[in-house]
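**Q** Taken in order, these protein sequences are the chains called A and B.
For the first sequence, position 12 matches number 12 in this note's numbering, and the numbering has no gaps at all.
For the second sequence, position 58 matches number 58 in this note's numbering, and the numbering has no gaps at all.
Derived by calculation from the structure, the hints in this document are not laboratory data.
Hints may contain errors.
Derived pair list, reagent style DSS-like, types lysine-lysine, alpha-carbon separation capped at 27 Å [to be verified]:
1) B:Lys56 with B:Lys71
2) B:Lys71 with B:Lys54
3) B:Lys68 with B:Lys5
4) A:Lys14 with A:Lys57
5) A:Lys57 with B:Lys98
6) B:Lys98 with A:Lys9
7) B:Lys98 with A:Lys83
8) A:Lys57 with B:Lys5
9) B:Lys110 with B:Lys5
10) A:Lys70 with B:Lys98
11) A:Lys71 with B:Lys98
12) B:Lys54 with B:Lys110
13) B:Lys68 with B:Lys98
14) B:Lys54 with B:Lys68
Sample of chain B residues facing chain A (criterion: CB under 10 Å; computed from the structure) [as the list claims (entries may be wrong)]:
15) Gly16
16) Met29
17) Asp31
18) Tyr32
19) Ala41
20) Gly43
21) Pro44
22) Phe46
23) Phe89
24) Cys90
25) Val100
26) Phe101
27) Ala103
Ideal placement from N, C-alpha and C gives every residue a C-beta, glycine not left out.
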Amino acid sequence: DGGITQSPKYLFRKEGQNVTLSCEQNLNHDAMYWYRQDPGQGLRLIYYSQIVNDFQKGDIAEGYSVSREKKESFPLTVTSAQKNPTAFYLCASSLAGGPRETQYFGPGTRLLVL
Amino acid sequence: DQQVKQNSPSLSVQEGRISILNCDYTNSMFDYFLWYKKYPAEGPTFLISISSIKDKNEDGRFTVFLNKSAKHLSLHIVPSQPGDSAVYFCAAMEYGNKLVFGAGTILRVKS
Chain A
1 DGGITQSPKY
11 LFRKEGQNVT
21 LSCEQNLNHD
31 AMYWYRQDPG
41 QGLRLIYYSQ
51 IVNDFQKGDI
61 AEGYSVSREK
71 KESFPLTVTS
81 AQKNPTAFYL
91 CASSLAGGPR
101 ETQYFGPGTR
111 LLVL
Chain B
1 DQQVKQNSPS
11 LSVQEGRISI
21 LNCDYTNSMF
31 DYFLWYKKYP
41 AEGPTFLISI
51 SSIKDKNEDG
61 RFTVFLNKSA
71 KHLSLHIVPS
81 QPGDSAVYFC
91 AAMEYGNKLV
101 FGAGTILRVK
111 S
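Let the sequences and hints guide you as you build the complete structure.
**A** Right, here's the structure in full:
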């Protein structure tokens with residue numbers, strides 16, 4: 001049963017704390033993406049990766065970091081530098097990151113600040 | 001500045017009638033457009049797409065219309081069903097570039 005899994009479903013962050021959101025896919029896709037969704041706004045791209053050990057910043061990368069050590073995994077770290085981290089985070093993947101490719105999304109992680 | 005706009009935050013339609021969701025864009029370099037559907041607590045799923053060389057694409061109950069001169073596209077759902085109740089995101093792509101999403105429209109289909 002192929003797909004994208006994100007964990008945890010809900011995550012709480014204390015002030016000054018770094019937290020890491022997990023994203024795993026077993027679709028054998030090369031490209032992976034992280035988006036952030038805020039109320040009343042569309043999904044905004046944080047980071048994307050088209051190949052292992054390589055990734056690029058999206059529109060709102062400040063305060064976030066990623067790694068892509070394995071093809072199937074693309075974890076996102078929300079650092080203490082991200083001043084407004086409360087949001088719904090969505091991970092996606094596509095076959096090779098090329099144009100016209102459909103992106104497949106995971107179920108999302110909701111991050112809340114305590 | 002939002003390049004993709006869905007000006008209606010929500011839409012309510014009676015079961016069996018037509019649902020029309022609208023999307024406007026500002027970037028004339030966009031040449032590929034998609035609609036995604038999202039249920040609560042789930043990620044968006046791809047619904048239908050259209051290339052800028054076409055003005056209509058149909059898939060079952062779903063049809064997307066593209067008016068390039070007006071920079072406008074719409075999604076028609078006929079007939080609407082209660083299971084269609086979800087958030088619908090319009091997205092656009094400039095060749096070789098990333099997807100740009102609208103804010104979404106909540107569709108409620110009443111039975």
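**Q** Should the interface hint for Phe89 (chain B) be scored as holding, given a Cβ-Cβ cut-off of 10 Å against chain A?
**A** 7 Å, holds
**Q** Are Cys90 (chain B) and chain A close enough, Cβ to Cβ, to be under 10 Å, as the hint says?
**A** At about 8 Å, which falls below the 10 Å cut-off, the nearest Cβ of chain A leaves the hint on Cys90 (chain B) intact, so it holds.
**Q** For Lys68 (chain B) and Lys98 (chain B), compute the direct alpha-carbon distance and say whether it is at most 27 Å.
**A** 20 Å, holds
**Q** Does Pro44 (chain B) hold up as a contact with chain A if the rule is Cβ-Cβ below 10 Å?
**A** Check passed: Cβ of Pro44 (chain B) comes within 5 Å of chain A, closer than 10 Å.
**Q** Holds or violated: the hint that Phe101 (chain B) contacts chain A, with Cβ atoms closer than 10 Å.
**A** 3 Å, holds
**Q** Are the Cα positions of Lys98 (chain B) and Lys83 (chain A) separated by 27 Å at most?
**A** 25 Å, holds
**Q** Report holds or violated for the interface hint on Met29 (chain B), using the least CB-CB distance to chain A and a cut-off of 10 Å.
**A** The hint is violated - Met29 (chain B) has no Cβ within 10 Å of chain A, the shortest such distance being about 12 Å.
**Q** Report holds or violated for the interface hint on Gly16 (chain B), using the least CB-CB distance to chain A and a cut-off of 10 Å.
**A** Hint violated; Gly16 (chain B) Cβ to chain A Cβ min 30 Å, cut 10 Å.
**Q** Measure nothing beyond the straight line between the CA atoms of Lys110 (chain B) and Lys5 (chain B); if it is 27 Å or shorter, mark the hint as holding.
**A** OK: Lys110 (chain B) and Lys5 (chain B) at ~25 Å, within 27 Å.
**Q** Next item in the hint list is Val100 (chain B). Is there a CB on chain A closer than 10 Å to its CB?
**A** Hint on Val100 (chain B): holds, closest Cβ of chain A at ~7 Å, below 10 Å.
**Q** Holds or violated: Lys54 (chain B) and Lys110 (chain B), Cα atoms, limit 27 Å.
**A** 32 Å, violated
**Q** Under 10 Å is the threshold here; is the Cβ of Asp31 (chain B) close enough to any Cβ of chain A for the hint to stand?
**A** 9 Å, holds
The structure shown violates the earlier hints numbered 12, 15 and 16.
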